[in-house]
Structures are given as C-alpha cells and as structure tokens.
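The whole structure should be built from the sequences, with the hints applied where relevant.
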Amino acid sequence: MTSYKNRLLELMKNEDLGNNVCADCRVELNTEGNDNWASYNLGVFLCVNCAAIHRMLGAHLSKVKSIQLDQWNKDQVEFMECHGNAPSWNFYEQNVPPCYRRPLEKDPQVLREQWIRAKYERLEFQDIEKQTYLTGKKSGMMFKRGKGDSKFMARFFILDEEKNSLVYYTKHDNLPLLKKFVVEKLKKRTPKATIPLFKLKAVFVPEKIGNPNGLQLTYKDSENYTRNIYVYSDSGKEIVEWYTAIRNANYNMMKVAYPDKTDKELQKGLLNDFSREGYLCKTGPKGSEGYRRRWFTLDKRNLHYYNDPLDAHPLKTVFIGSKSDRFACREGVPPGTLDQGFSFTLATPDREYYLSAETETDREKWMKALLALVNNPVNPQDYDKPN
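If you count the sequence shown from 1, position 127 lands on 126 in numbering that gives the first Met the number 0, and the numbers rise without skipping.
Derived from the structure by calculation, the hints contain no laboratory data.
Even for Gly, the Cβ is constructed at its ideal location relative to N, Cα and C.
Heads up, some of the hints might be wrong.
What the hints assert, rightly or not - Pair ranges (Cβ atoms, derived):
1. GLY209 <-> ASP338: 29 to 37 Å
2. ASN374 <-> GLN67: 37 to 45 Å
3. ASP126 <-> CYS81: 34 to 42 Å
4. THR358 <-> LYS162: 43 to 51 Å
5. GLN70 <-> ASN163: 31 to 39 Å
6. TYR257 <-> LYS73: 20 to 28 Å
What the hints assert, rightly or not - With a Cα cut of at most 20 Å, we get these calculated DMTMM-like pairs of lysine to aspartate or glutamate:
7. LYS207 <-> ASP262
8. LYS254 <-> GLU161
9. LYS129 <-> GLU237
10. LYS62 <-> GLU120
11. LYS281 <-> ASP307
12. LYS150 <-> GLU330
13. LYS105 <-> ASP310
14. LYS281 <-> GLU351
15. LYS364 <-> ASP272
16. LYS364 <-> ASP349
17. LYS136 <-> ASP148
18. LYS367 <-> ASP307
19. LYS281 <-> ASP338
20. LYS322 <-> ASP298
21. LYS315 <-> ASP298
22. LYS267 <-> ASP106
23. LYS191 <-> GLU222
24. LYS254 <-> GLU160
25. LYS200 <-> GLU160
26. LYS64 <-> ASP106
27. LYS236 <-> GLU128
28. LYS285 <-> GLU330
29. LYS150 <-> GLU128
30. LYS299 <-> GLU77
31. LYS263 <-> GLU92
32. LYS146 <-> GLU27
33. LYS129 <-> ASP106
34. LYS12 <-> GLU80
35. LYS198 <-> ASP148
36. LYS367 <-> GLU276
37. LYS136 <-> GLU120
38. LYS299 <-> ASP272
39. LYS146 <-> ASP310
40. LYS254 <-> GLU77
See below:
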C-alpha cells in the first residue's frame, strides 16, 4: 500500500539511524529512485547490489523486498520502524578488526559478498574466534599463474607472521587430506619463493585475471625489482581470508612502527588499490618513434608499464615526484614530437614521456591521477622506490 511505502521512504531519510545509506556498503540511498531495498527480518535498508547478495543468503537469513515495487504489510513496516541500520551495525559489526576491509560501492564483488556473508551468515564479527585470519598464520592452496606462461597451477602457500614471510611450494603432497602434516613436511623443503610480508601488497584484480577471486601479489624481490604474482582461489571466502591475513600482518607491523597513530590513521596506510590501471600508448625518448601499446599501473608514486597486463615484471618503473622537484604533467606533446590520439606529456628530471590515451575521458583520468601526485609534496616513505 502507498501509505506503507511512504512510511518506509520517510524512514530512509533518518540519518540518526543510518538509514540514508546502505547498511552494508554505505552508499547513499536515493528516495526518489526505484532501486531501494530492505531486509524486513533484519530491519536494514540496502542498495540494489547488496540486496542481490542478501537474496543469495536465503530467506532463512534475510528476507528482501523492494520498497517501491513490492507489497508491504503492517507488521513488516512496524518492524523496520523499530529497527534500522545503526542498531544492526552495533550488533553485526561489533568486533570488526581494524585490518578488515569494509567494501565500498565500487569495490570488487567478492569483497562485498564475503563481507555480507561474514556479517549475517557466519556471524564473524560477533565471535573473534572465527576470525582465523588474525592468528598470524595461514596455509592452503591457491592457483598461481606461471611466470613464463599463462597456465594457473595449484600451489601451496604458507603465511607466517612471526617469520615475516609468505612462501609457496611447487611440489606438494595430498594436501586436503593431511593439511597439518603436509605443512610441517613442506617446512623442511626449500620453497619456490619467499616473500617478506613487509614488502608485500595484495590487490584484487578480477577483470585482469579473468576470475572473480583474482588477486595480484606485488613485492620487491631480493634485487629490489618489482615482482608480480597472480593467484586465485576457488572459494571467495578463502581468497578474502588470504587478503585479510596479509592486511593484518601489515597492520601489526605498522602498529609497531607507529605506536602513536590511531587505528583510523593506520588504516589509511594499509594495502590500497592501484590508483589507476589501463592501456596507454607511448613513444620513445626521441619522440619520433612509433607509438606502442603498453599496460600502465599507477601504484602510489610508482608508474609501472608492461608489455602485457599479467607480466611478472614491469618493463620500467617511473617514480612520480612533486613539481618542486621538476616533475610535471601537461596535455599534448612538444612541437616536433610525433603526436597520436589524446596525447599528454609526463615530465621528470631525467626525461619526458610522451603518452597517448584512447579517449579524451581516459586522458583526463590519467592526468588527474598524475597531477594529484605532482601537486603534492613527497613524503619520506614515498622514496621506497622499486627498480
């Protein structure tokens, strides 16, 4: 009935109860649209994307309706009026660890789904014992892409925070059957690679890998070169636990390094996504060579470019400093330089890079990301530059 829907729409405007945003991803809700949903047994308001995941949970956990398009009865509306998002947060999110990544509107689907399942299905944030990713140890299988080919092969990984390492093995036994025995047995072997946790960054890249649970592990190897490893798990829960275990290790190390900082301040320094990724074309330093298509990744102040998005090593990394150090980014290329498409120039003290985007919008986004760095001073920690 219209009166029930109007009561719900008015209830959505209650900011004190947090009803003006989605209970799970916190995106702002629009009472004028038709994409507003609610779980009438949980008493929370949802965006269309989070509502879809609530439907996946099953009606025994969450009963979802469209506010504008479905029929509501008196009991359901009164239940919503007696509850709301804020009381739900106090109950379902009471023990969310500082290292846990709360998904936002545009975050990967696997993060959103596992956050919702952790809250309502596993009740993970009510019982700290269920948060196994905080123990400092994790082991299990992930599928890893070969360094020299495109095949993903099962590999056994062991994370040990005490040893500050993530290692993986290429030869392993019947792992699912005797996991504890296998872990101890593998520890006596030499791992294929040992990655220091303090050098490790994990970023979800589902589109790039072609798997919804795709994760990119980036670190600096023993020779200080950037190395990328691409992995995925068959389980969304498992890959998010790996991701969170790595975040937790980083958080604990930052807590020791910066004891005076608050959790909120430390969270800003945790594993951030890449600022921007995508194809650009570039010409050589002379500006007369033909443009070649390259995959670019902007990771904080490091601009990497590759032949292929899934390469293990970048062709080159350019450190982006500030304008006080003679860095600049400007539209177009100098007169006499070969031009192509939507061009722009990245100037460094050593040389100028002549780049071309496929669209005007793409150029604007790249320049905005680069200028945000150039127009701000460099922090001491920014100088930890990979080759």
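The hints, checked one at a time:
Distance hint check for GLY209 and ASP338: the Cβ-Cβ separation is about 34 Å, which falls inside the suggested range of 29 to 37 Å. For the pair ASN374 and GLN67, the beta carbons lie near 44 Å from each other, so the given range of 37 to 45 Å is met. Restraint check, ASP126 to CYS81: a C-beta distance of roughly 26 Å breaks the suggested window 34 to 42 Å. For the pair THR358 and LYS162, the beta carbons lie near 47 Å from each other, so the given range of 43 to 51 Å is met.
A beta carbon spacing of about 57 Å between GLN70 and ASN163 contradicts the range 31 to 39 Å that was offered as a hint. Taken as a hint, the range 20 to 28 Å is violated for the pair TYR257 and LYS73, whose Cβ atoms sit roughly 53 Å apart. The suggested pairing of LYS207 with ASP262 is violated, with an alpha-carbon distance near 32 Å, which exceeds 20 Å. Restraint check for LYS254 and GLU161: satisfied, since their Cα atoms lie roughly 15 Å apart, inside the 20 Å limit.
Annotation: proposed proximity of LYS129 to GLU237 holds, straight-line Cα distance about 13 Å (limit 20 Å). At roughly 13 Å between alpha-carbon atoms, LYS62 and GLU120 fall within 20 Å of each other, so this suggested pair holds. Proposed proximity of LYS281 and ASP307 is supported: the alpha carbons are some 14 Å apart, at most 20 Å. This hinted pair does not check out: LYS150 and GLU330 have alpha carbons roughly 40 Å apart, beyond 20 Å.
The suggested pairing of LYS105 with ASP310 is violated, with an alpha-carbon distance near 25 Å, which exceeds 20 Å. Pair hint LYS281 plus GLU351 holds up; C-alpha atoms about 11 Å apart against a cutoff of 20 Å. Taking the CA atoms of LYS364 and ASP272, the gap is near 16 Å; set against the 20 Å cutoff, the hint holds. About 24 Å separates the Cα atoms of LYS364 and ASP349, which puts this hinted pair outside 20 Å; it is violated.
This hinted pair does not check out: LYS136 and ASP148 have alpha carbons roughly 30 Å apart, beyond 20 Å. Among the hinted pairs, LYS367 with ASP307 is inconsistent with the structure: their alpha-carbon atoms are about 24 Å apart, more than 20 Å. Taking the CA atoms of LYS281 and ASP338, the gap is near 10 Å; set against the 20 Å cutoff, the hint holds. With a CA separation close to 18 Å, the supplied pair LYS322 and ASP298 stays within the 20 Å bound.
A threshold of 20 Å between alpha carbons decides the hint, and for LYS315 with ASP298 the separation of about 13 Å falls inside it, so the pair holds. Taking the CA atoms of LYS267 and ASP106, the gap is near 16 Å; set against the 20 Å cutoff, the hint holds. Restraint check for LYS191 and GLU222: the C-alpha separation of about 16 Å stays at or below 20 Å, so the hint holds. Only pairs whose Cα atoms come within 20 Å are accepted, and LYS254 paired with GLU160 is accepted, the gap being roughly 14 Å.
About 15 Å separates the Cα atoms of LYS200 and GLU160, which keeps this hinted pair within 20 Å; it holds. Proposed proximity of LYS64 and ASP106 is contradicted: the alpha carbons are some 24 Å apart, above 20 Å. Simply put, LYS236 and GLU128 have alpha-carbon atoms about 16 Å apart, close enough for the 20 Å limit, and the pair holds. With a CA separation close to 18 Å, the supplied pair LYS285 and GLU330 stays within the 20 Å bound.
Annotation: proposed proximity of LYS150 to GLU128 is violated, straight-line Cα distance about 37 Å (limit 20 Å). The hinted pair formed by LYS299 and GLU77 fails the criterion: a straight-line CA distance of about 48 Å is larger than 20 Å. Distance check on the hinted pair: LYS263 and GLU92 sit about 16 Å apart at the alpha-carbon level, within 20 Å; holds. Restraint check: the Cα-Cα separation between LYS146 and GLU27 comes to about 42 Å, which exceeds 20 Å; the hinted pair is violated.
Our distance criterion of 20 Å between C-alpha atoms is broken by LYS129 and ASP106, whose separation comes to about 24 Å. Taking the CA atoms of LYS12 and GLU80, the gap is about 12 Å. The hint holds against a cut of 20 Å. Using a Cα cut-off of 20 Å, the hinted pair LYS198 and ASP148 is violated, with the two alpha carbons roughly 25 Å apart. For the proposed pair LYS367 and GLU276, the alpha carbon gap of about 13 Å is at most 20 Å, so the pair holds.
Restraint check for LYS136 and GLU120: not satisfied, since their Cα atoms lie roughly 24 Å apart, outside the 20 Å limit. For the hint linking LYS299 to ASP272, the alpha-carbon distance of about 9 Å falls within 20 Å, and the restraint holds. For the hint pairing LYS146 with ASP310, the CA-to-CA distance comes to about 8 Å; that is within 20 Å, so the pair holds. About 45 Å separates the Cα atoms of LYS254 and GLU77, which puts this hinted pair outside 20 Å; it is violated.
Consistency note: the structure conflicts with the earlier hints numbered 3, 5, 6, 7, 12, 13, 16, 17, 18, 26, 29, 30, 32, 33, 35, 37 and 40.
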